[in-house]
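A.B. asks: Fit chains B and C with the ligands to the given chain A structure using the hints.
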Amino acid sequence: MQGLTAHFGGITWAFVLDLFTDYGLFLVSALGLYVLMSAGQVSLGHAGMVGIASYSAAVLAVKFHVPFWLSLPLTGCIGMVAGMVYCYLLGWRLSGFYLAIGTFAFGEMMINIWLTSDYLGGAIGFSGIPLLARWPVLLIVLPPIFYALWRIEHSRIGLAFRAIRDNETVAGSMGINVARTKLMAWMIGGFITGLGGCLHAHRVTVITPTEFGIYTSVTMLLAILMGGLRTFWGTVLGAAVIYFGPWLTTTSEPRDRLMFYAALIVILMILRPQGLLASRAAR
Amino acid sequence: MAEYLFEQFLIGISTGAIYAIVAIGYNLVFGVMNVLNLSHGAVMMVGSFGVLLLFYLGIDNFWLAVAFGIALALVTGLLVERIAVRPLKGNWWNIKVATLGAAMFLENFVTRLTDGRPMPYPRPFKPVYYTIVGDFEVSNVQLFLIACSLGLMVAMMLFLRHTTPGKAIRVVAQNPDLAQCVGVNVQQTMVLGFALSAALAGCAGILNAVTFGSTYPFVGQFLGLKGLVILIVAGIGNVRGCLIVALVLGVLESFSVVAGGSQYRDLVAYSALVLTLLVRPHGLFGEEGRTGREI
Amino acid sequence: MPISVSDMQPILTVDRIEVRYGKVVAATDISLVIGKGEIVTLLGPNGAGKTSVLKAIAGLVAPADGRIAFDDGKTVHELAGKPGHVLAKLGIAHVPAQNIVLPRMTVEENLEVGGRFLMSDRAALQRSVRSLMDRFPILAERRTQYAGLLSGGEQRQLAIARALVAKPRLMLLDEPSIGLAPKTLGEIFGLLKRINREDGIEMLLVEQNVVKALELANRAYVMRVGAMDFSGPCEDLARDERLANAYLGS
Ligand SMILES: Nc1ncnc2c1ncn2[C@@H]1O[C@H](COP(=O)(O)OP(=O)(O)OP(=O)(O)O)[C@@H](O)[C@H]1O
Ligand SMILES: [Mg+2]
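Residue numbers (our numbering), protein chains in the order written: chain A, 177 to 459; chain B, 41 to 335; chain C, 44 to 293.
Don't read these hints as lab results, they were simulated from the structure.
Don't take every hint at face value.
No more than 20 Å apart at the CA atoms, straight line, and that leaves these computed lysine to any residue pairs for SDA-like [to be verified]:
1. 129(B) / 253(B)
2. 129(B) / 63(C)
3. 129(B) / 65(C)
4. 125(C) / 227(B)
5. 132(C) / 227(B)
6. 132(C) / 215(B)
7. 125(C) / 225(B)
8. 129(B) / 272(A)
9. 66(C) / 130(B)
10. 129(B) / 450(A)
11. 129(B) / 66(C)
12. 129(B) / 448(A)
13. 236(C) / 196(C)
14. 129(B) / 382(A)
15. 129(B) / 103(C)
16. 166(B) / 253(B)
17. 129(B) / 446(A)
18. 129(B) / 64(C)
19. 129(B) / 105(C)
20. 132(C) / 204(B)
21. 166(B) / 447(A)
22. 129(B) / 67(C)
23. 125(C) / 228(B)
24. 239(A) / 382(A)
25. 129(B) / 126(C)
Values in this document were obtained by computation on a predicted structure and should not be read as measured data.
One chain only, chain A, in its complex shape (with noise of 0.2 Å):
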C-alpha cells in the first residue's frame, strides 16, 4: 500500500501532461502503420520509415534552419515519397511473411546506414533539434489526423483497403486496381508516418539510430494488434494500452516493469488473438 501511494504520490500535473504528449506523439507514427496494415501491408520494420522522417526533420530543422510550421508538412510529404519507394521496392513485391521481413531488414539497413554516416551523426545522434512538440502541437495535429481517417474508413478506398487485406486475388477480380490501392495505403500511412517522425525529432532533440530498430517497430505493431484491425479507434486504445500499461505496475524497477509488460503481450496474444476491439472474424 505504501509503495503505491508513493508510485502514484510523486506524479505532478506537469508529469501527466508530459506522458500524455509522449502517448499523443507516438500515436500518430502508429496510425501510420494502422493505414498500411488496415490494406495489408504488414510492416515489421516501421520505426525504420519514422527514422527517415526523423531524420529528415532533423537535417531540415538544424542544417537548413527551416521553420517547424513549415517542415512538419514537408516531412509529411518525404514520408509520402518514403512510402512510394517501401511500395515499389516491397509493397508490389513481397505480401505476408516475407513483406514482414523485408520491412524489417530495410528499417535495420537504414539505421546502419545512419549509423555510419558522419553527416547524421552517426551512432552518438543527431543532436541540436529545437524541442518544439509540446502538447498543443498535438491539439492542432491529431484532430486532422483522426477527421481524414474516419473519412477513409467510411469511403470506397477504406472498402478497398480492407478487401485487399482479406483476398488481393478476390479483390483484383473484383475490380479494384490492387496495385494502386496499396500505393494509395504506402502514401497515406507514409504521410502519417512523416508527421509523426517530425513531431518525435522535435520532442526529444537528440535522435540515435538504434532507437528506430526492431523494439519500436514491435511496440507500434502491438499497439496495432491490441486494437485490432476494425477501426483506427482500436489503434488510439492500443496505444493507450501499450503506453499506459506500464505505469500501472507498482514497481519502479525498469526491467521489472519491461518484463511484466512481456508477459502482458504474451497473455493478450493467447486470451485476445484478434485484439481489444475487433470482433473475431475480422481478422
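C.D. replies: Relative to the frame of chain A, chains B and C with the ligands by itself:
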C-alpha cells in the same frame, strides 16, 4: 597484413558456422510448425548463461556446465512452445508477437539477475597457438570451435536424412496431413523439432560466448537477427543453403570490418537481405510456391 | 448376386457421425458400413462432404458426433476422436485427393516413408517397397527422381503404392481418378480390383467418375449436400434415376 586477413578469414568462418546453427534452428521450427519463433535468440542467451550459472553454483567443470547450458536452453525452448506457441493454434502472426514477448521477458529477467553487464566467459582449455606457414597462426580453441560448429551441422543433416525421427520431421515439414496418414505422430514431432531447435540454440549461444570470451543478456538479439537474415537469404527450408549463405556472410562481414571498420558489419548483412528480397523474393535457394514448410 | 447389408460382416461401421469445421457443418448424420471383402464407393455432388467424411474416418478431423467402429479381425476399435497416426497404425491407409506425395523426397523415399513409421522390420519394409515397384513399373523407372517432379498421374500411382507399403487393412481413396488418362485409369482401377481380391484389402472410394466407380465397387452410398441421400448395390444404382438427378441437379 596477410596474417591479419587470414585471422579475419578464420573469424569469419567461425562466426559464419555459428550463424548457420542459428539459422537451422529457425528452420527446424519453421519447417515443422510453419511459424517463426522469435524467442530463438533469447534461448541462445539462456544457454550461454546456463554455463555461467553452473560455475556460479560452484561446479568447476566446463563440460558439465556446457551440458547444463544446453539442457537449460532446451527446457526454456519447450516452455516457450507450451506457453507462447501451442495455445495460439498456428496463427503465425500472433505467434511471432508472442514469442517476441517471451524473448523480451527472458532478456529482462536475466538482466535483472545479472545487472546486465557483459560477463567474462570460461574457456574449454588453455589456448595453444600453432604456426602454420610463416606468420600464420591459429589457436587450438579456434580450431575446436570451428570443428564443433561444422560437426554439429553435419550431424544435424545426417540426422534429418537418415534417422526415423529425422525423417518424421522432414515428412511433417513437407505435408503434416500426409504425415499423419503414414503414421507420424505430428504433435510429438513438432515438439521434437522445437526441442532440437532449442538445443541447437543453446549450442550456438555457448559457442558464440566462447568465441567472444563474454556473454550479455541481449546477445540473442544480434545473433537471432543474423540467423533470420540467413534464413531468408538462403530461402526458408533449405538446410544446405543456410550453411553456404552463413559461411559466406560470416567471411564477408569479417572482411568488411577490415575494409571499412566495424560499423559496416551489419550494413553488409542487411543490404544483402534487402537485395535478395528484391531480386529473388523467395531466397537464393528457395523456389516460388515453396514458402517454408520444408526441410 | 448383390450382397445385402444384413448378411455381411462389417469391418467398418460409421454410425451417424457429424463433421464440422468450427461453425461450418460439412456433413451430418452420416452412416455407412463396409463389409468384409467389399469395395464401397461414396458419391455426391461437389461440396457434399465426401472428403470430410473420409477425413473423419482417417482421423484427420475428429467427428463432432457419432461413432466409428473398425474391426481389424481381432478386436473392434473405436476410431472417433483418435488421431490419424494411431489409425494408420491400426491399418487404415488414406490417400487424399490433393498434395498426395512428399515433393522433396525421391520416389523411393516416398515409398519407404509409407512403411517407415508403421513397420518395425526394416528388411520386410525393403521387400515390400521392391515388390510394389514391380507392381508399378513407372515408379521403378523414376526411382531416384523427386516426387514433386512426377506428372499428376504418376504422383497418383505413387500415392496408392505408398498406401500399400505397410499392408493396410482398409484403404480410403479420395478421387483416385483425378488426372489419370483413360488408359491409366483403367489400369489403376484394375489394379485396385486385384489388390482387393488378392490381398483382401477393403476399400472406401470417393469418386466423381460415377460410371467407373460403379463398375469397380460392390455398393455405393450417395450424398446430397451435407447428408446421406440413399445407397444400394452398384448394379441397381447404375440404372437408378435418383443418381442421375443427384448429379444433374434437379
Ligand atoms: N477446412 C475446412 N474449413 C471449413 N470448411 C470446410 C473445410 N473443408 C471443407 N469445408 C466445407 O465443407 C463442405 C464439404 O466439403 P468437402 O470437401 O467434404 O466436399 P466434397 O464432397 O469432398 O466436395 P468435392 O466433390 O468438391 O471434393 C464444403 O462446404 C466446404 O466448404
Ligand atoms: Mg472432395
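A.B. asks: Now, for every hint given, state plainly whether the structure supports it.
C.D. replies: We went through each hint and held it up to the structure:
1. The hinted pair formed by residue 129(B) and residue 253(B) fails the criterion: a straight-line CA distance of about 40 Å is larger than 20 Å.
2. Note on residue 129(B) and residue 63(C): the hinted pairing holds, with a Cα-Cα distance of about 17 Å set against a maximum of 20 Å.
3. For a cut-off of 20 Å, the pair hint linking residue 129(B) to residue 65(C) stands: about 13 Å separates their Cα positions.
4. This hinted pair checks out: residue 125(C) and residue 227(B) have alpha carbons roughly 13 Å apart, not beyond 20 Å.
5. A threshold of 20 Å between alpha carbons decides the hint, and for residue 132(C) with residue 227(B) the separation of about 16 Å falls inside it, so the pair holds.
6. In summary, the hint linking residue 132(C) to residue 215(B) is supported, as the alpha carbons are separated by about 18 Å, within the 20 Å threshold.
7. A C-alpha spacing of about 11 Å is found between residue 125(C) and residue 225(B), which places the hinted pair at or below 20 Å, so the restraint holds.
8. Proposed proximity of residue 129(B) and residue 272(A) is supported: the alpha carbons are some 18 Å apart, at most 20 Å.
9. Restraint check: the Cα-Cα separation between residue 66(C) and residue 130(B) comes to about 18 Å, which is no more than 20 Å; the hinted pair holds.
10. Only pairs whose Cα atoms come within 20 Å are accepted, and residue 129(B) paired with residue 450(A) is accepted, the gap being roughly 13 Å.
11. The suggested pairing of residue 129(B) with residue 66(C) holds, with an alpha-carbon distance near 17 Å, which does not exceed 20 Å.
12. Distance check on the hinted pair: residue 129(B) and residue 448(A) sit about 13 Å apart at the alpha-carbon level, within 20 Å; holds.
13. Among the hinted pairs, residue 236(C) with residue 196(C) is consistent with the structure: their alpha-carbon atoms are about 18 Å apart, no more than 20 Å.
14. The suggested pairing of residue 129(B) with residue 382(A) is violated, with an alpha-carbon distance near 43 Å, which exceeds 20 Å.
15. The suggested pairing of residue 129(B) with residue 103(C) holds, with an alpha-carbon distance near 16 Å, which does not exceed 20 Å.
16. Pair hint residue 166(B) plus residue 253(B) holds up; C-alpha atoms about 13 Å apart against a cutoff of 20 Å.
17. At roughly 9 Å between alpha-carbon atoms, residue 129(B) and residue 446(A) fall within 20 Å of each other, so this suggested pair holds.
18. At most 20 Å may separate the alpha-carbon atoms for a hinted pair to count; residue 129(B) and residue 64(C) meet this at roughly 14 Å.
19. The suggested pairing of residue 129(B) with residue 105(C) holds, with an alpha-carbon distance near 16 Å, which does not exceed 20 Å.
20. A hinted pair counts as satisfied when its Cα atoms are at most 20 Å apart, and residue 132(C) with residue 204(B) qualifies at roughly 16 Å.
21. Between residue 166(B) and residue 447(A), the direct Cα distance comes to roughly 52 Å. Violation of the 20 Å bound is thereby established for this hinted pair.
22. For a cut-off of 20 Å, the pair hint linking residue 129(B) to residue 67(C) stands: about 18 Å separates their Cα positions.
23. Restraint check for residue 125(C) and residue 228(B): the C-alpha separation of about 15 Å stays at or below 20 Å, so the hint holds.
24. This hinted pair checks out: residue 239(A) and residue 382(A) have alpha carbons roughly 14 Å apart, not beyond 20 Å.
25. A threshold of 20 Å between alpha carbons decides the hint, and for residue 129(B) with residue 126(C) the separation of about 17 Å falls inside it, so the pair holds.
In summary, the structure is inconsistent with hints 1, 14, 21 from the numbered list given earlier, while agreeing with the others.
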